Structures are given as structure tokens and as C-alpha cells.
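**Q** Okay, here's what each chain looks like letter by letter:
Protein chains: 2
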Amino acid sequence: MLTVAYDGSAYSGFQLQDNAPTIEGEVNRCLGELLQEEIKVIGGSRTDAGVHALCNIAVFDTESRIPGEKISYALNQRLPEDIRIRQSQEVAAGFHPRRCESRKTYEYHILNAKFPVPTKRLYSYFTYVPLNVGKMQEAAAYLVGEHDFKSFCSAGGQTESTVRTIHSLQVMQEGEEIVIRVTGNGFLYNMVRILAGTLMEAGKGAWEPERANEILLAKDRGAAGPTAPACGLILAKYEFFHMDGNRN
Amino acid sequence: MLTVAYDGSAYSGFQLQDNAPTIEGEVNRCLGELLQEEIKVIGGSRTDAGVHALCNIAVFDTESRIPGEKISYALNQRLPEDIRIRQSQEVAAGFHPRRCESRKTYEYHILNAKFPVPTKRLYSYFTYVPLNVGKMQEAAAYLVGEHDFKSFCSAGGQTESTVRTIHSLQVMQEGEEIVIRVTGNGFLYNMVRILAGTLMEAGKGAWEPERANEILLAKDRGAAGPTAPACGLILAKYEFFHMDGNRN
Chain Z
100 MLTVAYDGSA
110 YSGFQLQDNA
120 PTIEGEVNRC
130 LGELLQEEIK
140 VIGGSRTDAG
150 VHALCNIAVF
160 DTESRIPGEK
170 ISYALNQRLP
180 EDIRIRQSQE
190 VAAGFHPRRC
200 ESRKTYEYHI
210 LNAKFPVPTK
220 RLYSYFTYVP
230 LNVGKMQEAA
240 AYLVGEHDFK
250 SFCSAGGQTE
260 STVRTIHSLQ
270 VMQEGEEIVI
280 RVTGNGFLYN
290 MVRILAGTLM
300 EAGKGAWEPE
310 RANEILLAKD
320 RGAAGPTAPA
330 CGLILAKYEF
340 FHMDGNRN
Chain V
100 MLTVAYDGSA
110 YSGFQLQDNA
120 PTIEGEVNRC
130 LGELLQEEIK
140 VIGGSRTDAG
150 VHALCNIAVF
160 DTESRIPGEK
170 ISYALNQRLP
180 EDIRIRQSQE
190 VAAGFHPRRC
200 ESRKTYEYHI
210 LNAKFPVPTK
220 RLYSYFTYVP
230 LNVGKMQEAA
240 AYLVGEHDFK
250 SFCSAGGQTE
260 STVRTIHSLQ
270 VMQEGEEIVI
280 RVTGNGFLYN
290 MVRILAGTLM
300 EAGKGAWEPE
310 RANEILLAKD
320 RGAAGPTAPA
330 CGLILAKYEF
340 FHMDGNRN
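For the protein sequence lines, the chains are Z and V, in the order given. Read left to right, the first sequence gives residues 100 to 347 (the numbering used here). Read left to right, the second sequence gives residues 100 to 347 (the numbering used here).
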């Protein structure tokens, strides 16, 4: 199991594609060269084009006798600078990251200032429209817990159920940045970016915070705010429970 | 007077060069297009290749009737994404940023972790060697005040006197990052990067903190630590006193 950090700016997302650079493609290629086997990793979170990660997950089977914890070092020698393996470890043979009970934390970074800051442009969404953090927090409170998040799911998602649990959803002012930090047991397609886009509507004063509740009840993507741009999003934490290889 | 923020990654430094991209070159070109005059700005800090800034200074004369405070908006439409004007204002005709009493604050960012983090690679120096922040703080204490910083000056600097005043020099642990924050009335060529390189020697335990004092007294570049890489450095603050255009 690899813990993979990346700057998604130059990639068409995590998931393998035929004619576009992807994180999965780079990891497969470098693992193949290192282990002299054809490797196809199974990814944890299928982050979109331009989305970043501190700790996505990739697992694979290998015949290699290289100890699990050494693979990170060898692999980092081959990977491009914008992808780094932060940890590698042996896990149970049947372990599948998307079939195991887990908890992910995403952060959405907003630079809310009069002018953009060039050194932050790749890792935050810039808006000069003043956002009221208190209103964003009020709106966020409606979304915590187990809900049907159908309104917060873009077309193209493949899951049957759109019920998910948000364990916590914080909105924090950090200097000129506003950080939305959300932890949950799973996220629908574009869910965090739509949450961010919706909370920003409340922050701008365009919508009252209680509208967040109406959006949930509508179960209609059209009711929620826009999908916030990819560059502001980063997968910050990924925790597993019962990693014994059985579906929980 | 323009307050200029930039990501220095793609540039050969602030100062104009004939055959290399520079911040000054881009600002001159865009101002020339906007104002339909040949403009040559006078820069505040001549940051090196790869060094970043939140607030460098550039001043220029113009015949234009565009109000000073509007120029930032118009100029940002023309500048590349990695350069942004955060403020523009009219100042006294004779004002010269390098001849005016001023105080600059630089930050040097070190990512001190087991593995690099791709989203921080452009704006910090990575080292996996554990650094002791307490030892770095002890070493830093010797450098605060008015001193001859000849040992902290690379060859190629053009000043006669190498005496400068450091008003404050803090070393702070911020998560996995160590931030060196230094405020002074002026800095010699590569001074902050040599300070950072020297403090890191103390942090590694290679040198005792009190060696910082011996380095000052040696007045010899060879006595100090290495010049830390450019990408970790950012000009964070630039304050002027008595902006009446006279040399103070």
C-alpha cells in the first residue's frame, strides 16, 4: 500500500486514461520499471484533474521480495517531482481501499483578498468578493451528519446510493485564506467542490445559510451552488478501519 | 509606486537582463503597452533567480493621467499569472526605494519531513535531516542587532559597507515547516540564504549555536554555512519611512 502525495496541476486526475497524463499512470509505469513486472495499482480516491493530495492510497500485488517499507524510497527515485510516495507498507492480500471502511478529509482553500497572490495561485481558488466566514459556518452546520447528498453530486457519478455521512465540516479563516475542512466516510462525484461552491454563495450573502438545508431536501444538483475550481481542493487525510481485507 | 507579488520559479530574478525572463522586464513591457510610453521601473529588492515576493517595490515616472491607484487593475490584465500588482499609488517625484530608509522582512521556508510534499516543493527547501529548532533559535540570537555581516555576503555584492542591522530573527516550527523570519534595514547579496544555511548547520547539530558569533567576527564568507536554495526564500514585507523623496 502506497501513500501518494501529488501536485495535480499537470495531471488529468488520478485515474488511468489512455491519452492523458495521470497519477495512476505514472505510478504504474515507475512501479513496473522498478519491480520488472506489469503493475496496475488500485487507487483510493479518484481525484479530478487539477486536484491535489497529501495522502491518496494505491495498492498492488507483486512477486517482488523488496520489503514493503523500502519501496517508497526506490520509487521516489523514478517518479516525477510532482508525485511523491510518503509511505509504503505491506497489507493483507485482499485489501481494497474503496471496499474498506475509511474516513477521508479534504480541504478546500480559498484566497479571499483584493488581489491574487502568485505563490498561492496553484493551490487555492482566488476571489476578491468578501466572504463572511460566520455565514459559511452557519450553512455548513446544516450539512453535518448522515444525509442524502444527491444535490451535491455531479452527473457522471456511478454510485447507487447518494447517502453519505459528513463527520465534520469546518470553515476557518487563516490569514487571507478561508479553509473548508470536511471529514466523511465517502464523497460523491464533485461533492466537496459543490459543497465549497455552495458555502461560498452563503459567504457572499447571495443565499441565506438555512438554504443549505433546502438544498439537501431538494435532492437536485440544480439546487446547489456551482462546482468550485479544482485547484483549491486537496485530499488531506485518509484513514482506514479494519484493514483485514474484508468488506466491512 | 507598485507593490509587486510574484512566483519567482520561472524567472532569472527581479533585475532586468537582456536574454532572460525577469520580473522587471515583464513589468516594464506591460507598463509600456498600457501607458504607451517607454517605462523603466526602479526596483526595491533585487531578488535572485527563483526567489519569490509578496510585496516587492517598483517605481516609475509617467506622463499618463490614469490615477495611480487604478494602474494595478489595468496592469494585472496584461501581466502573466505569476506576477501580480497588489497596490499602486502616487508617490513624491524624487522617491527612490533603495535610497529611502526602509525595513524588509524575508521568510525562509524549510520543509523538514521524512518525504517531500509535492504541493510545497516550489516554495520551500526540503530536508529530511531532523533540525532542532531550539538550537537554530539559540544561533539566531547572536545575529540580531547591528553587525558587520561580511561573512554572510556572497562575492558579487556591490556595497562598500557590510554593516547591517537585523531587527528581529525568529525561527518558528509550523507543522512540518520551519520558518525563519528576518527583519532588517537592508540585506547584503545572498545574506538571508546564507543566514538560513548557517542556522540549518546549527539545527542539524553540525555546529554549536555559539559558532554564529565566531562566524560574525571572522568577516569571511568561508566561515558561514552554505547558501540555502532560492525556492525557500520569499520577500514578505517591505516598509518605508519618510517617503518624501530625500535620502535619509
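Derived by calculation from the structure, the hints in this document are not laboratory data. Errors might be hidden in some of the hints.
The list cannot tell twin chains apart, which means a pair is met if one copy fits it or any two copies do.
Here are the simulated DSSO-like pairs of lysine-lysine, each with C-alpha atoms no more than 30 Å apart in a straight line [claimed, not checked]: (1) Lys-249 to Lys-169; (2) Lys-213 to Lys-249; (3) Lys-139 to Lys-318; (4) Lys-336 to Lys-249; (5) Lys-234 to Lys-139; (6) Lys-139 to Lys-303; (7) Lys-213 to Lys-303.
Here the structure is a predicted model, which means the values were calculated and not measured.
**Q** What hint numbers does the structure not satisfy?
**A** 1, 2, 3, 5, 6
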